[in-house]
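Following the hints, position chain B against chain A.
Chain order of the listed sequences is A and B. Number 280 marks the last residue of the first sequence (our numbering); no jumps. Number 316 marks the last residue of the second sequence (our numbering); no jumps.
Accuracy of the hints is not assured; some may be wrong.
[As the list claims (entries may be wrong)] Here are the computed lysine to any residue pairs in the SDA-like style, where the Cα-Cα straight-line distance is at most 25 angstroms:
{"no.": "1", "chain 1": "A", "residue 1": "Lys16", "chain 2": "A", "residue 2": "Pro242"}
{"no.": "2", "chain 1": "B", "residue 1": "Lys228", "chain 2": "A", "residue 2": "Pro242"}
{"no.": "3", "chain 1": "B", "residue 1": "Lys123", "chain 2": "B", "residue 2": "Ala135"}
{"no.": "4", "chain 1": "A", "residue 1": "Lys113", "chain 2": "B", "residue 2": "Ala135"}
{"no.": "5", "chain 1": "A", "residue 1": "Lys113", "chain 2": "B", "residue 2": "Leu306"}
{"no.": "6", "chain 1": "B", "residue 1": "Lys228", "chain 2": "A", "residue 2": "Lys16"}
[Unchecked claim] Label-pair ranges, simulated between beta-carbon atoms:
{"no.": "7", "chain 1": "A", "residue 1": "Leu193", "chain 2": "B", "residue 2": "Leu16", "range": "45 to 53 angstroms"}
{"no.": "8", "chain 1": "B", "residue 1": "Leu306", "chain 2": "A", "residue 2": "Trp151", "range": "32 to 40 angstroms"}
{"no.": "9", "chain 1": "B", "residue 1": "Ala307", "chain 2": "A", "residue 2": "Phe256", "range": "51 to 59 angstroms"}
{"no.": "10", "chain 1": "B", "residue 1": "Leu306", "chain 2": "A", "residue 2": "Arg88", "range": "39 to 47 angstroms"}
{"no.": "11", "chain 1": "A", "residue 1": "Leu193", "chain 2": "B", "residue 2": "Ala307", "range": "34 to 42 angstroms"}
{"no.": "12", "chain 1": "A", "residue 1": "Phe256", "chain 2": "B", "residue 2": "Arg8", "range": "54 to 62 angstroms"}
{"no.": "13", "chain 1": "B", "residue 1": "Val105", "chain 2": "A", "residue 2": "Trp151", "range": "46 to 54 angstroms"}
{"no.": "14", "chain 1": "A", "residue 1": "Asp34", "chain 2": "B", "residue 2": "Pro155", "range": "26 to 34 angstroms"}
{"no.": "15", "chain 1": "B", "residue 1": "Lys243", "chain 2": "A", "residue 2": "Arg88", "range": "38 to 46 angstroms"}
{"no.": "16", "chain 1": "B", "residue 1": "Leu16", "chain 2": "A", "residue 2": "Thr127", "range": "49 to 57 angstroms"}
{"no.": "17", "chain 1": "B", "residue 1": "Ser206", "chain 2": "A", "residue 2": "Leu92", "range": "26 to 34 angstroms"}
[What the hints assert, rightly or not] Coverage of chain A stretches by chain B, computed from C-beta distances (three or more under 8 angstroms per stretch; other residues unrestricted):
{"no.": "18", "segment": "34-45"}
{"no.": "19", "segment": "83-97"}
{"no.": "20", "segment": "120-128"}
Think of the hints as simulated: they come from the structure by calculation, not from any bench. Don't be surprised by glycine CBs; every beta carbon is placed ideally from N, CA and C.
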Amino acid sequence: MTKPVVVLENVDMIFGEGAADQVHALKEIDLQIEQNDFISLIGPSGCGKSTLLRVVGDLIQPTSGMATINGKSARQARLDQDYGIVFQAATLYDWRTVAKNVQLPLELMHFSRTERDRRTQAMLELVELTDFAAHYPWQLSGGMQQRVAIARALSFEPSILLMDEPFGALDEMTRERLNLELLNIWRKTNTTVLFVTHSITEAVFLSTRVIVMSARPGRITADIAIDLPQPRNAETRSNVRFFELETEVREALRISEGGQESNRAPA
Amino acid sequence: MSESRQRIWAPIMILVVLVFLWEALVTAFNIQQFLLPKPSSIAGNLVQVVVLDGSASRGDSDAELSLDNGFIVLLSGELTPEVWATMQEARWLEFGLGGRSVSVLRGSNLTPILAASWFTLKEALGGMAMGTLAGVAVALATTRWSATREALLPFAIAANSMPIIAFAPIMNNWFGIDNPFSKMAIVTVMIFFPIMINTLRGLISVDSRSLELMHSYAASDSEILFKLRIPNALPSLFSGLKVAGALAMIGAIVGEYFGGPRIALGVFITQEAALFRFASAWAAILVACLIGITIYLVILFAERLALPWHPTFRA
Chain A
14 MTKPVVVLEN
24 VDMIFGEGAA
34 DQVHALKEID
44 LQIEQNDFIS
54 LIGPSGCGKS
64 TLLRVVGDLI
74 QPTSGMATIN
84 GKSARQARLD
94 QDYGIVFQAA
104 TLYDWRTVAK
114 NVQLPLELMH
124 FSRTERDRRT
134 QAMLELVELT
144 DFAAHYPWQL
154 SGGMQQRVAI
164 ARALSFEPSI
174 LLMDEPFGAL
184 DEMTRERLNL
194 ELLNIWRKTN
204 TTVLFVTHSI
214 TEAVFLSTRV
224 IVMSARPGRI
234 TADIAIDLPQ
244 PRNAETRSNV
254 RFFELETEVR
264 EALRISEGGQ
274 ESNRAPA
Chain B
2 MSESRQRIWA
12 PIMILVVLVF
22 LWEALVTAFN
32 IQQFLLPKPS
42 SIAGNLVQVV
52 VLDGSASRGD
62 SDAELSLDNG
72 FIVLLSGELT
82 PEVWATMQEA
92 RWLEFGLGGR
102 SVSVLRGSNL
112 TPILAASWFT
122 LKEALGGMAM
132 GTLAGVAVAL
142 ATTRWSATRE
152 ALLPFAIAAN
162 SMPIIAFAPI
172 MNNWFGIDNP
182 FSKMAIVTVM
192 IFFPIMINTL
202 RGLISVDSRS
212 LELMHSYAAS
222 DSEILFKLRI
232 PNALPSLFSG
242 LKVAGALAMI
252 GAIVGEYFGG
262 PRIALGVFIT
272 QEAALFRFAS
282 AWAAILVACL
292 IGITIYLVIL
302 FAERLALPWH
312 PTFRA
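If we strip away everything but chain A, and leave its shape as in the complex, we get:
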């Protein structure tokens, strides 16, 4: 058994601790993510999914508890450039062409020029945007911009890919296509993915495990293994098991919302 990529132990996150309006965003989070896992975090709005992702990525530091990534502290992992990040907004730099945007992390990590060009080329092929290398971000559709963001996040082969609702702002058709594309990329690159989403369908379709979180304070209330066969494709969506798992996640979400399940008739 390989070493886990992410280990969270008893992580608590309190914003504005001690103040009257303090927010207890995360409570007693224990989570272990293995190599090549595709983990989705799902939960009601404001349950701290994005906060958890930021703790893993060392963009914020937890109030208490430990985050260990690849056997080292989250901070060290960030300094070692173990993370690729994709946000809901593509967050491309307007003044850089598509190719230059993909190259940004490579420049910061002092890759040689030839290596930068080679990887940029390969990444743009991966997300099927080779023809748009010289375009500026405003010339692309939302879905294309998001593909550039994914190419950028993967260009330096990070060991873990953090995705914060990357397809949340896209229409359903684009989202489904990008889901398939993401799975392809995940298979080809052997990355570990931590994926925040609002969509039950998306979580079940993509993941090897779905982590369900409760509203504030955010806690992990269910950890559902998704045993759908790999590789997944359009037919996966019509698999009976797919519907069963969707229902399971939906139920877990309902329970995690707390107290409301008693008001409803059983499904």
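Here is chain B on its own, set in the frame of chain A:
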């Protein structure tokens, strides 16, 4: 295509119509030239078109015809030797038109006005260079040390609403009335704040996701500055520069109204006005306006070169 042509031609047509109206109304109502000179006599200070008909020839010193300051001058008969000499000396080009000879001459005040404009333009550009350097430097420093920002910003905002030109006589006193540096100093102070505030805004109003992205790559502060903050600040730096370009000519000329060397544009304008030569004062003002517009266009052009990515320039 036709739309973009219309965008260029419509304002030009309006300008031509307005100039003709101005000329016609001043002539029709016989308005005194110290109130409002005719556009043609303003232009005549800079360029003259002299049309000689077939009978025109060089006469003796008693000949009556002379060049006045009109834009288009029709001459016939005998010209004085002085007029003849001026025409030889100031002629740019000459061509025949329907049996007449047309000469385009340098206007009598073109040389002093251009010399004065060049002198004042150097003051304006010098002040712009210093003000821009200082404004950008302070903006960078306050980005780096945010404590200075909290301390400086109220002053910057207060200073931005002050009539800095009011300090012009003081600057003349400090640096010497004939020293171009006294005008550069006014321009520097005038444009410092718009440049500083605009640049600072661009440097600090960086999208928080873009910053998080940089942090996730473990980028250093200087990498964040050069790869994120400075490119992000360029569009607002250019809007600052456009404001500064207009202010620079104002600062230099108005500074000269309070005194300066004889070859300065502001001094030329006040002296010509004091001597009731309003047409030539207007001609100098016209040139100042053209210089201001040119500075603006140069900045606009530089902006397009520097920011080819900017959505404003979407084709």
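Right, here's what the structure says about each hint:
{"no.": "1", "hint": "Lys16/A to Pro242/A", "result": "24 angstroms, holds"}
{"no.": "2", "hint": "Lys228/B to Pro242/A", "result": "43 angstroms, violated"}
{"no.": "3", "hint": "Lys123/B to Ala135/B", "result": "18 angstroms, holds"}
{"no.": "4", "hint": "Lys113/A to Ala135/B", "result": "31 angstroms, violated"}
{"no.": "5", "hint": "Lys113/A to Leu306/B", "result": "18 angstroms, holds"}
{"no.": "6", "hint": "Lys228/B to Lys16/A", "result": "36 angstroms, violated"}
{"no.": "7", "hint": "Leu193/A to Leu16/B: 45 to 53 angstroms", "result": "60 angstroms, violated"}
{"no.": "8", "hint": "Leu306/B to Trp151/A: 32 to 40 angstroms", "result": "18 angstroms, violated"}
{"no.": "9", "hint": "Ala307/B to Phe256/A: 51 to 59 angstroms", "result": "56 angstroms, holds"}
{"no.": "10", "hint": "Leu306/B to Arg88/A: 39 to 47 angstroms", "result": "42 angstroms, holds"}
{"no.": "11", "hint": "Leu193/A to Ala307/B: 34 to 42 angstroms", "result": "40 angstroms, holds"}
{"no.": "12", "hint": "Phe256/A to Arg8/B: 54 to 62 angstroms", "result": "59 angstroms, holds"}
{"no.": "13", "hint": "Val105/B to Trp151/A: 46 to 54 angstroms", "result": "48 angstroms, holds"}
{"no.": "14", "hint": "Asp34/A to Pro155/B: 26 to 34 angstroms", "result": "29 angstroms, holds"}
{"no.": "15", "hint": "Lys243/B to Arg88/A: 38 to 46 angstroms", "result": "44 angstroms, holds"}
{"no.": "16", "hint": "Leu16/B to Thr127/A: 49 to 57 angstroms", "result": "56 angstroms, holds"}
{"no.": "17", "hint": "Ser206/B to Leu92/A: 26 to 34 angstroms", "result": "27 angstroms, holds"}
{"no.": "18", "hint": "34-45", "result": "violated (count 0)"}
{"no.": "19", "hint": "83-97", "result": "holds (count 6)"}
{"no.": "20", "hint": "120-128", "result": "holds (count 3)"}
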